[in-house]
Amino acid sequence: MAIEIENNIAANTGLKTEHMILNMGPQHPSTHGVLRLELELEGEIIKKVTPHIGYLHRCFEKHAEAMSYPQVVPYVDRMDYLASMYNEFGYAIAVEKLLGIQVPERVEYIRVIMGEFQRIASHLVALGTYGADIGAVTPFLFCFRDREKILSLFEMTCGARLLYNYIWPGGVSHDLHPDFIRQAKEFIPYFRPKIKELNDLLSYNKIFIDRTANVGILPLETAINYGISGPNLRASGFKWDLRKDDTYSIYNKFDFDIPVGKGLKGTVGDCWDRYFVRVLEMEESLKIIEQALDQIPEGDVTSAIPKRIKPPVGQVYSRVENPRGELGYFIMSNGSLNPFRVKARGPSFVHLGIMNELCKGHMVADIIAILGSIDIVLGEVDR
Amino acid sequence: MKTAQDIFNTLKEKFSDSIIELISSQPVESFITVNPLEINKVCLFLRDNEELLFDNLMNLSGVDDANGKTIPDGDSGTKIEGGTLSVYYHIESTKLKHKLTLKTSSSRENPEVVSVEQVWRHADWHEREAYDLFGINFLNHPDLRRILMPYDWEFGFPLRKDYKNPEFYQGMKVPN
Chain A
1 MAIEIENNIA ANTGLKTEHM ILNMGPQHPS THGVLRLELE LEGEIIKKVT PHIGYLHRCF
61 EKHAEAMSYP QVVPYVDRMD YLASMYNEFG YAIAVEKLLG IQVPERVEYI RVIMGEFQRI
121 ASHLVALGTY GADIGAVTPF LFCFRDREKI LSLFEMTCGA RLLYNYIWPG GVSHDLHPDF
181 IRQAKEFIPY FRPKIKELND LLSYNKIFID RTANVGILPL ETAINYGISG PNLRASGFKW
241 DLRKDDTYSI YNKFDFDIPV GKGLKGTVGD CWDRYFVRVL EMEESLKIIE QALDQIPEGD
301 VTSAIPKRIK PPVGQVYSRV ENPRGELGYF IMSNGSLNPF RVKARGPSFV HLGIMNELCK
361 GHMVADIIAI LGSIDIVLGE VDR
Chain B
1001 MKTAQDIFNT LKEKFSDSII ELISSQPVES FITVNPLEIN KVCLFLRDNE ELLFDNLMNL
1061 SGVDDANGKT IPDGDSGTKI EGGTLSVYYH IESTKLKHKL TLKTSSSREN PEVVSVEQVW
1121 RHADWHEREA YDLFGINFLN HPDLRRILMP YDWEFGFPLR KDYKNPEFYQ GMKVPN
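Each protein sequence line maps, in turn, to chains A and B. Per my numbering, residue 1 is the first one in the first sequence, and the count goes up by one each step. Per my numbering, residue 1001 is the first one in the second sequence, and the count goes up by one each step.
Keep in mind the hints are simulated off the structure, nothing from the lab. The beta-carbon is built from N, C-alpha and C at its ideal position, and this holds for glycine as well. Just so you know, not all the hints are guaranteed correct.
[Stated by the list, open to error] Once the Cα atoms are required to be at most 20 Å apart in a straight line, the calculated EDC-like pairs of lysine to aspartate or glutamate come out as:
1) B:Lys1097 to A:Asp246
2) A:Lys244 to B:Glu1109
3) A:Lys97 to B:Glu1109
4) A:Lys97 to A:Glu65
5) A:Lys244 to B:Glu1092
6) B:Lys1164 to A:Glu65
7) A:Lys310 to B:Glu1029
8) B:Lys1097 to A:Glu221
9) A:Lys239 to B:Glu1092
10) A:Lys48 to B:Asp1143
11) A:Lys47 to B:Asp1143
[What the hints assert, rightly or not] Between beta-carbon pairs, the in silico distance windows are:
12) A:Leu15 to B:Leu1139: 40 to 50 Å
13) A:Met67 to B:Ser1016: 38 to 48 Å
14) A:Pro219 to B:Glu1112: 31 to 41 Å
Put together the whole structure using the sequences plus the hints.
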């Protein structure tokens, strides 16, 4: 239709029409950080989106080469700052693989509990800010209220609320606070009804559904070809979760489901599916935490931490299921105290690459809905 | 589910000279080295062969092997001459659940690797990153420009082991 109008104008007036270039960002409230999108528009229809990144580039990989293995951990925190625990978790597993060491069982339980709490906290930010992007400010405040409770649990464990430096190669820095298990157990019955509250407020809200259902549909084939992982891949209807499909730590001991997108309000793989998969995942994380809190054994948590980390010559690619998707670390060792090369394959970096494919043919206003639904953290995109 | 040895044999049969060797000494993850100018054909075969079906590129990373000679650069520092830059490809099959690592090396002076962007679109940004940080030239890549560094960065490739910070960038002093 747009082309028809264009041709008519050209025929009747002899005037030429051309696409407009619109710049969105780098400072824009809905880009969740410093990201610039260059939009090529025909009227209000998007023809092409070119993301420009690198505004937060802090040379993590170069820094890592000048640090010893344990010194890299605080840098890893600062990549995906909404899921720091999981970044450390992934890094610790990669280094342990390189060293060939086993960690005590209590450490594995602590890591899983922290990892799953982090997943809930991260999803709460994703869902809350997504609602705020689309115009629903109240759920944002509700989500942050609940996230605060999780951050308090983290603070109790390691003293920090956002960037923890808690999970180290070989163990964790401190044992749990004596009151941690009780407070964590209290959180679960507190939080379950809050998920229903979020559903009533936002998930099944008519306006929200109108803005997100059938928008930004991501077919499965395209998703795999673009390397999409995590909730975004599952929303396209593929039951794929590294916690089960390439299991690590002690995830095989727990009983939980992998929610997938079903296209309840529109088509499989649309924005609403991507949103709703995250809501369902929070419930699964609660299940894991519940089981882990019941089974956690006593033991020493620092006994396996090596005094000096000096892995043999070699290389490893190790990956974990971060709240956003597949977080991989490629670490090369040349037998010295510093890593020879560390590459972090962050899910946000990969997911941002699909923006053009998802936005083509949509309206300008849909960009906000699509960008929010793939849930990126710019700290990890730029590293 | 196939082992690296099985896949190596299949590839050797099909491509003979482009497949160089299989390195499987512990504790190194085993990987197959491939000719950089044939990598796209090998990858396409790995993706489409019904017994292999490597549909997912997990990660692609450039590496500076730093295996050349270190010589003085005439300006109180040193630089590396000769040696290789490598690219590692970590691929997996989501259907058959096997994984494989490929490696390809090209000379430091003229690092050229054929792009696999047409095989897995995922490689697009990773190749741009490897170009940006290592200066590896991906042939046939549709849009090879810098990605993390500024577009007008003309002081070399930061992740090379002999990279030196410039003193000034656009009139601003670069802190050390």
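Here's how the hints hold up against the structure:
1. Between the alpha carbons of B:Lys1097 and A:Asp246 the distance comes to roughly 9 Å, so the proposed pair stays at or under 20 Å and holds.
2. Taken as a hint, the A:Lys244 and B:Glu1109 pair is broken in the structure, with Cα atoms around 44 Å apart against an allowance of 20 Å.
3. Between the alpha carbons of A:Lys97 and B:Glu1109 the distance comes to roughly 34 Å, so the proposed pair goes past 20 Å and is violated.
4. For the proposed pair A:Lys97 and A:Glu65, the alpha carbon gap of about 19 Å is at most 20 Å, so the pair holds.
5. For the proposed pair A:Lys244 and B:Glu1092, the alpha carbon gap of about 16 Å is at most 20 Å, so the pair holds.
6. The hinted pair formed by B:Lys1164 and A:Glu65 meets the criterion: a straight-line CA distance of about 14 Å does not exceed 20 Å.
7. In summary, the hint linking A:Lys310 to B:Glu1029 is supported, as the alpha carbons are separated by about 17 Å, within the 20 Å threshold.
8. Restraint check for B:Lys1097 and A:Glu221: the C-alpha separation of about 17 Å stays at or below 20 Å, so the hint holds.
9. For the hint pairing A:Lys239 with B:Glu1092, the CA-to-CA distance comes to about 16 Å; that is within 20 Å, so the pair holds.
10. Between the alpha carbons of A:Lys48 and B:Asp1143 the distance comes to roughly 14 Å, so the proposed pair stays at or under 20 Å and holds.
11. A threshold of 20 Å between alpha carbons decides the hint, and for A:Lys47 with B:Asp1143 the separation of about 17 Å falls inside it, so the pair holds.
12. At about 42 Å, the CB distance of A:Leu15 to B:Leu1139 agrees with the hint of 40 to 50 Å.
13. Distance hint check for A:Met67 and B:Ser1016: the Cβ-Cβ separation is about 43 Å, which falls inside the suggested range of 38 to 48 Å.
14. Checked against the hint of 31 to 41 Å, the C-beta distance between A:Pro219 and B:Glu1112 comes to roughly 34 Å, which is consistent with it.
In summary, the structure is inconsistent with hints 2, 3 from the numbered list given earlier, while agreeing with the others.
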